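The listed protein sequences derive, respectively, from chains H and B. Numbering (our numbering) for the first sequence: 134 to 403. Numbering (our numbering) for the second sequence: 2 to 287.
It should be emphasised that the hints constitute simulated quantities derived from the structure, not laboratory data. Fair warning: this is a prediction, and the values are worked out from it, not measured in the lab. Do not take every clue at face value.
[Unchecked claim] Subject to a maximum C-alpha distance of 16 Å in a straight line, what follows is the list of computed EDC-like cross-link-like pairs (lysine to aspartate or glutamate):
#	chain 1	residue 1	chain 2	residue 2
1	B	K267	H	D186
2	B	K267	H	E190
3	H	K317	B	D52
4	H	K279	H	D326
5	B	K272	H	E397
6	H	K317	B	E48
7	B	K257	H	E306
8	B	K59	H	D186
9	B	K267	H	D352
10	B	K257	H	D352
11	B	K46	B	D108
12	B	K46	H	D318
13	B	K257	H	E313
Chain by chain, the residues run as shown.
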Amino acid sequence: MPRLRLTTIHEHVPESNIGALVAICPGHNNKREDMLRQKIIEPLLQAVSPIFDGTIEPLTLQLYLIDQIKRCIRDFSLDRWGHDAAILRDLERAYHNAALAGLELPIWPLSSYNEVPSKFSLDEANTWSEALPKGLCVSRAGIAPKTGAMMLSLLDLPPSETQRLKQFNRNIEGLMRHVEVRRKDALLIVRNDQTRAEDWSEKHAISILFSRWSREQRDVRFLNSALKLNDWAHHTHLKCSPSRALVDYLLALSEAERTFVEMELENECA
Amino acid sequence: MRIALLAPIDNSFYSRIMSLLIAREEGLELSCIVVRKVWTWRRMKGEIQRDGTRLLRKAYRKLILGKSAYSKDDDTIVAMAKSIGLPEGDLYQLAEQLNVPILRVDDHNDPEAEAALTQSAPDLIVFTGGGIIRKNIINVPDIGIINCHCGILPPYRGMDVVEWPLLDETVFRAYTSRLDRPLEPFPLGVTTHLMDTGIDTGPLLKSFYLPIEKGDTFESLRVRIEPLMINAVMATLRGMRDGQIEPKAQKKVDGKQYFVMHPRIKQAARKRLSVLEKEYWYETKK
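So here's chain B without its partners, still in its complex pose (with noise of 0.2 Å):
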């Protein structure tokens, strides 16, 4: 099976490791590597007003900080970084290494972007961030476009999918009960799904559930949420490849879309999490 992936920064953790695992992993071949530019004009001054703040945040992140913004703890992506002997440097680096073409871009839907895709011919692309992907990249692969949604599909798309079931009143109060709390877990987790042009509406391909641990906090969610996000892709192109996984298509109704959280309604989802955290993490380790 042939995959391309697309990357967002050329030093993106989750871009290095995603391209390590696939050019390792047997019956996947990794075709072609496409990279954006850090940054472009255009897309900054589109990010700093969708993003504000929280764009500063990141790039602080990940540009400033990199590798020492994470703790030591197994559960991060360093420590998978580690684990699996990435080595250091950046993508172009590595696609060298790996012997696989890259091609820097200024946007994803470039026409550029574009041919060489096509050229590659790939099965699948698995998508690792940057941006909307417009129509005419989407029909490039065979099969689609895999993208590792931040929460639980249908439910939850969009943005702050970590922060918003917590605030979904039916669920909170579910699990917060004492009593006929749900058998499943709660709905923070991960979502493989292929790219449409909606916003996490094309077809659902696997869910995977982040148990909440004692003292949890949305930061220690969203560092323990980027390896099982990796782990998540690999797990769905294996069971691809193997022909267990068949994309399911999403109804429109059964889910709705969340926008970035204003500080205040994130404060008080901190607040819920302080409660869950304590009431139903004691539950489940019963």
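Isolated chain H (complex conformation) (with noise of 0.2 Å):
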């Protein structure tokens, strides 16, 4: 048998690598420690936080929500949009999803939109999930275009059709594993030829999957996902005006209050 004979490295590495913050923090009961870490560094770690991990802190999310709700109803009143009766539906399921989160909102002055039906139909999808290479909607690459809103639309598969479940639920774990992975990289679209708007509704739409298959299958691992991927657009619309693509966000945040209050992950509302 082949021995090993490798030289040994020996450079001589203290205790710590930081000597110079060691000098002062050099015992567990050390007052100056404890100061040092509740007074200094856990401050600095909070702050530094939103930085390295784009996180929003809930209340100023919920806040947001309610303002933006608000805000595009007026616009709306006031006919400023248009009349996009697929916008007004998704607006109102946003303020249905608030209001069922126990977000404090005024009624809702305008006509119900419940019954505008859905961007794709299940036929539709059904046929876009069958032109994916090998059946999956995520590759190295990124995602295929409109995997988010036909995703949705497959939401609404029947128990009978087996198959084509199975592949949606490779498809959803493929999806969740790329966006944990990736991070802020992740859910660039295969051959795009979509606007920047759009890109961010796409986006939007696979947070608000998340969120909806989460409350489903009672698996909060949807969940953890989609309140990544609203924390990491909140930059984006924070200055935005209404549009389709905030109405998008407004309705993905509003699926993840409710997600959160109905799978009782106790919630504190604004």
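Fit chain to chain and form the complex, with the hints in mind.
Next up, the structure:
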């Protein structure tokens, strides 16, 4: 049997690699160390957290959701956007979800748009999914065009469609893994001919898909990914005027809020 | 049985304790240690992207606080180090004392790591941290690479699996129910398994449960889980040496992969732990 003969590397490395800091926090019961930890390190880590993780305080998001829903309703009441029934349907859904999540909103002042059909029918979504290479909507290059909207339509698949349901499960797990691994770089669309706003709508559709699936399956992992997608999109919509993409974002936020409450994860509402 | 060890950094308590215990154990021979450099730019970029603030916290805890991050309780890894007489110093110094060859690499999958491990001809490799291991390294040992996963397998694969069982609705309801509470312990603990190219999907060796105690928080559970991991790996190595533990393949459908928890979900898990810790602890003590 071959015997290993390696050079033993010996370099003196102290117990800690940052000697200067250790020097001022040498023991567990040291008051200076506790002070350093509580007054400087912890607040510093809290402060840099949004930069590194892109996380947004839940209360900030909830207040934003309430304000923007009110703003969009006002704009629609004044007929500033023209009459787009699909946008109004989604705004109404966002309103309805936010109300179910316990957020305080005024009475819905517009007519109901609930009956307006979804963007794609189940048949169209089935055709889309059959055309996917190897049946997968996620690849190394990114996601297939229209993934969010089509997968949302596929949520209505009847339980008898076992093969299609299997493919749906594989794709939604793949989407979640893709979002969690690529994080902010996730959801690039392969062969993309969409506008930037449409790209955002696609991302919001996937967040909506995760929240609804999470609620349906009682699986918090999907809500976890939806919350991250919503946080990462926040800065884009912060100073955004009412638009299709904004309404999609509001719907994504409201779906996550509703899921949080319905899954009894103890929400603290604004 | 010849054992090689993969270590994440040179001052890792876990790696140092494991090295010492393996070297002292009858019937086990520590043949080689491969340790990663503390920092490489490529790795840091990837880890910041993946872990964000968690990485800063980890670096603060491991590189700055070191030993002082631990309380003086008996069930910490520091107390364990003291009780087994772990010498001061880093892994290089320990390797010298144990007369074991040690190699420093940028990444465990590097060709020089592969060559060194192949030359040391291990029956088993013990993985004590250091990123994803590729097929070229997995294929080196005769039996495989042992990893101790910080959760119960197969149901809980991936990240933050100390916290995730609390958010499994069925499990949480079952263990907080006053009627028909399951007889087996709450699914919290560690599992030794052989690594494959998937995430925690390799053949299972043995699970070790961690009982929830009154007043437990995720921080206290994580502190207690560290010595449990060491004991689990040692028990597994002894079991394999004595022919009492055999790897059992796990099915993909038996578990789910979990990812880093969003802070809001973690807060919900914390609240559930505070309920479980009261309900469950009292019942198990009866």
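Does the structure break any of the earlier hints, and which numbers would those be?
none
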